[in-house]
Amino acid sequence: MTTEAELLAERRIWDPIETRPPEALRALQLERLRALVERVSRVPFYRDQFQRHEITPQRIRSLDDIRRLPITTKEDLRRHQPLGFLAVARRELARIHGSSGTTGRPTFVAYTAGDLKTWSDLCARFLVAGGLRPEHTAQVAFGYGLFTGGFGLHYGIERVGAAVIPAASGNTRRQIDIMRELDPEVLICTPSYALTIADTARELGIDPRSLPIRYGHFGGEPWTEDMRHQIEAELGILAFNNYGLSEVIGPGVSGECPARTGMHLQEDHFLVECLDPETLEPVPEGQPGELVITTLTREAMPLVRYRTRDIARIERSPCRCGRQTARMSRVTGRTDDMLIIRGVNVFPSQIEEALLRVEGTTPHYVIEVDRPERLDILTVKVEIHPEIFSDRMDRMQSLRERIGSEIQSVAGIRAHVELVEPRSIERFVGKAKRVLDRRGLHEG
Amino acid sequence: MKLQQLSLFLENRPGRLGAPLEAIAAAGINILTLSLADTAQFGILRLIVQEWDQAKRVLEQAGWVVSLTEVVAVDVQDRPGGLAEVLKVLEGADLNVEYMYAFSVRRGDEAMLIFRFEDPDRAIQVLKNAGLKVVNGDELFRFVS
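In order, the protein sequences belong to chains A and B.
So for the first sequence, our numbering puts the first residue at 1; every next one is plus one.
So for the second sequence, our numbering puts the first residue at 1; every next one is plus one.
It is worth saying that the hints were derived from the structure and are not from the lab.
Cβ atoms here follow ideal geometry from the backbone N, Cα and C, with glycine treated the same way.
Mixed in with the good hints, there may be bad ones.
Said to hold, decoys possible - Part of the chain B face toward chain A, derived, beta carbon under 10 Å:
{"no.": "1", "residue": "LYS2"}
{"no.": "2", "residue": "SER7"}
{"no.": "3", "residue": "LEU8"}
{"no.": "4", "residue": "PHE9"}
{"no.": "5", "residue": "ALA37"}
{"no.": "6", "residue": "GLN41"}
{"no.": "7", "residue": "PHE42"}
{"no.": "8", "residue": "GLY43"}
{"no.": "9", "residue": "VAL71"}
{"no.": "10", "residue": "LYS88"}
All chains should be modelled from the sequences, with the hints used to inform the complete structure.
Encoded structure:
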């Protein structure tokens, strides 16, 4: 097995721009920011606000002037759906992806051919940093579809010149069969799925360490250092974290290098601020804040100061790997109540919406998220009261099934539904605390 | 002719069955019979008591969800085929049995069963027309006390 130190010593860096000195990088960012202000002036949402605040490219004199620019939120994107943020003509588009939304309706994200090329390069950067070489084969066990994970990584691997196995998500036994027949060196999936692969291999009587995988690139859901150690020990691999969100491009906003002391932000393409979510003022370096991202080079759907709702820390201290870019920590929390469960974004409001469709189930419920072994389990507990209680078991069973299927249809995730006795769910004065996340993902 | 049955929602975990039974006992109410339908996660406890309205109040005050259902008590010959005869009558009239359970006591050579029907009134008519004995509440409570 290649060690972290050996990989560091190889000093493989996909794009020399990653090692560009901070001053040169800042100059490039400023130049790109000005061009961006020019470009987004074609988007009505920005044009109106720029006119009101007399914002022109000439008035952007330093990177700090970014703070004169308006904030963009997910709600803004949703209000202008579909494709209200396009800065190019529709015919220029090469692809459209989507992210899960609170109402089950995706928020669409558009790409030009140039965006797709940039995206492939961004994925190539972290893939190469994490061991992928042109002679390798990589198995992608992410979903292929509107979700950006599958296609983003797929084209990144091709960009590096390695071979892709687009295994897509699911059917773990088949994933293991493919691995044993085709000997891929790299595995791409969610971290919890990597552990499922290890479990399934053991069930089949296969030592997970005997699988050919040497490197894993994991993302799409929050995970911990403990999980990394577990994945590495069980599969005998080096595991790397990467970060991204579909609204700004998908995976590739940042990714780990062999030093694995944070994920290098691709600052030539993204201007990333770390702000106090209440005041929207910058937090001191190294302190946790909300990441607010400006896409410096996106063509189809450039965004100015997009509030990610993700909380992380940003460090600018030099990295042992030689890259000069800033590094972000793992995402340690959210400034909204979004949960990521088995890689699916779930908002408590979606669960509420599902319950509203089943009469009489909303007054008292609670959402619990656990990770007892490997995989997240979403439990929705609903208190029984006279209007929904029946002495007939078939009615009670079908009530439970209806709740489950409404949640599946609204939130796209299977939930374990429990009917509970009255007054067994804690009562709150004021805003009810509906979510109990017990996965322990957000320490540190 | 119909009996009032109390049904309670219970979570399926240790100790949940004892609490409502204790509450009823503390009120001095005797349970004539009961049945429990359960899944891995929850159960429905069904009770027949004489003082059903008092029992319902006691249970609701203690925080349980209680529903009231009319059920039918039928005398069944306690010999092979006794129940089959009753069911044949019901089937012939296209009456669906939602659920049923046996009474814990028997008298002479008859056993008593509790039936839950969607339409108890029609069921009683059908059973009587077939010459079967439907037990009314007074008779039942006189017998057990």
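Cross-check of the supplied hints:
no.: 1; hint: LYS2; verdict: 14 Å, violated
no.: 2; hint: SER7; verdict: 3 Å, holds
no.: 3; hint: LEU8; verdict: 9 Å, holds
no.: 4; hint: PHE9; verdict: 5 Å, holds
no.: 5; hint: ALA37; verdict: 5 Å, holds
no.: 6; hint: GLN41; verdict: 6 Å, holds
no.: 7; hint: PHE42; verdict: 5 Å, holds
no.: 8; hint: GLY43; verdict: 9 Å, holds
no.: 9; hint: VAL71; verdict: 9 Å, holds
no.: 10; hint: LYS88; verdict: 23 Å, violated
Checked against the numbered hints given earlier, the structure breaks hints 1, 10 and satisfies all the rest.
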